[in-house]
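**Q** Could you slot chain B onto chain A? The hints should help.
Single-letter residue listing:
Protein chains: 2
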Amino acid sequence: MKKIINDPDRFVDEFIEGILLAHPDKLKAPGDDNRILVRADAPVAGRVGIVTGGGSGHLPLFKGYVGTGLCSGVAIGNVFSSPSSEQVFEATKAVNGGAGVLYLYGNYGGDVLNFDLAADMAELEDIETKTVLGTDDVASQPKERKSDRRGVAGIFFAYKCAGAAAERGDSLDEVAAIAQAAVDNTGTMGIGLSPTILPAAGKPTFELPDGEMEIGIGIHGEPGIHRGALESADEIADRLTGPIFEDLGLASGDRVAVLVNGLGATPLEELYVLYRRVAQIAADAGVTIEKNYVGEYATSLEMAGASISVLKLDDERLALLNAPADSPFFREV
Amino acid sequence: MKKIINDPDRFVDEFIEGILLAHPDKLKAPGDDNRILVRADAPVAGRVGIVTGGGSGHLPLFKGYVGTGLCSGVAIGNVFSSPSSEQVFEATKAVNGGAGVLYLYGNYGGDVLNFDLAADMAELEDIETKTVLGTDDVASQPKERKSDRRGVAGIFFAYKCAGAAAERGDSLDEVAAIAQAAVDNTGTMGIGLSPTILPAAGKPTFELPDGEMEIGIGIHGEPGIHRGALESADEIADRLTGPIFEDLGLASGDRVAVLVNGLGATPLEELYVLYRRVAQIAADAGVTIEKNYVGEYATSLEMAGASISVLKLDDERLALLNAPADSPFFREV
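Quick note, the sequences are listed as chains A and B, same order.
Residues 1 to 333 in UniProt numbering are what the first sequence spells out, letter by letter.
Residues 1 to 333 in UniProt numbering are what the second sequence spells out, letter by letter.
For reference, chain A alone in the conformation it holds in the complex:
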């Protein structure tokens, strides 16, 4: 296992310490527990707070999207593990500006359990919460069961839209509706080329033989829908984009935002080779890409691979994407 770490059991606490040392102007730990981070000016009075969270190992997800015009706070679990309900509750209190708090995170069992428990605790303290789950992984469930899908990189679009709505002063109901609409109009598919090694375990999370790829893989290495010989970038882009376009029912004249995301070890050059083909596919379908994002937005430690996310746009969602945002890892001006 070749990792630049110290004690594997201290890995999460140490990289959080690094983040706090690097970005004291943008992020703070509101209490003694560094696993809870909030934007430096939290709570913002009269504004809806947005709390996200989940396991570590996905930077810039989740903590990277805490900032103005994005999420307000995050509860951070161990690598690939949920934060505790108490941590989510602490984050909730720290971002509560009196207008309620939206829980916006990926659909994983442990996270759902702990965020739901935190919602109960918040209710006892008269903090209203609502929950929207990221469920964008087209490969994980058929369309009829969209609400059971895993949440992967496409949650970025929900953060961006909901965060912009909260920043401009929308109510909790409105922010939640915007987040849900973003999720409903987002589809993602990923490809994995190599497994991830968890620092504490020290061995690969799964096996993927030489020369093979896995289409539809999850960001924790969850099984996809096709494993076979590695194909060309264009073939891969076709395999990933086709089901998403179909799932979203995209037709000529539609407008979208596209995110080509690296899972960790894949060079940025290869992401642009993928984007090139996605742009061709969209043009051929008469679909206009109004906004694009190419880079690492949701990773799986050092997994080699990529994902493609598509958000179907309307005027409001495009305006929300274009609204200012500022975090240590993402900025829109």
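Please note: incorrect hints may appear among the correct ones.
Any copy, or any two copies together, can satisfy a pair, since identical chains are not distinguished.
Derived DSSO-like pairs (lysine-lysine); straight-line CA-CA distance at most 30 angstroms [to be verified]:
| id | residue 1 | residue 2 |
| --- | --- | --- |
| 1 | Lys-291 | Lys-2 |
| 2 | Lys-2 | Lys-130 |
| 3 | Lys-130 | Lys-26 |
By construction, these hints were calculated from the structure, which means they are not laboratory data.
**A** Chain B only, in chain A's frame:
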């Protein structure tokens, strides 16, 4: 070889095509050759142009730093290969706003040859050029031979300072002097954990046995100064930072900017574990980190590893770092 590519021989042209499709508002190819990119508003009349260039495979280096407040244009070679002198010359003409052109690139034989030839061609067309080489790799030569050192990630600081100076209207002499001062006050050291595979070659550029690391490695896998058992992140940070601090003669009261750069496959989390230790080292030495950058700024395709760069600051250099800049890959507001 697991790469998301099509024909290896088309790799560079295809990712450039992807970049142009993704960022038509910021970059353009001024002629028929996509290997030459310039900022969308080039040439800017009355402003010094800055041309960089070098081999591909290092994104966001070099083409990522073409934009306002950064470089004006880039000539792009094949993977790890210099662009041609004609391409550098074409970039020169495309960014020439009448105030001269600075060549600012890393110190590699092929690049020096071709940029020098381009300077001769430019002179024949009455375009004044000056050259400043990135020579920040402390591991590559002793301090007495600093001008012979390789250029690695620390050239980012020179881009940022020189680009800000050009943007505000400094003369060619002034911009060159600022770039040279940035280079003179920058030191970098890298660590490699795994080799890179060139798309066209399909095999690793070098061997690095299980459990070993190479300290002082170059961004093309050039040999470092120590190969041995993989150490802890803190030990690695000590090995990289110590020689840089010594090289720059840093003492209590000094101010610096720090760049912790990932070489490709190393997770962002690990870079923050490194930054944590660098911040401790600086604090212990009484050195203030005024500005930090943590992420992938100069990569070597999918090499696992990292580098640490330090720029000694004065008031002017700090102001230049803080000046606005905007490219598809880097933004300062």
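**Q** Does each hint hold? Answer for all of them.
**A** Hint check:
1. For the homomeric pair Lys-291 and Lys-2, the shortest alpha-carbon distance between copies (29 angstroms) is at most 30 angstroms, but the shortest distance inside one copy (37 angstroms) is not.
2. Proximity of Lys-2 to Lys-130 under the C-alpha cut-off of 30 angstroms is found in neither arrangement, the shortest distances being 41 angstroms within a copy and 43 angstroms between copies.
3. Taking the shortest alpha-carbon separations for Lys-130 and Lys-26, only the intra-copy value of 25 angstroms comes in at or below 30 angstroms, while the best inter-copy value is 39 angstroms.
Violated hint for the displayed structure: number 2, the only one.
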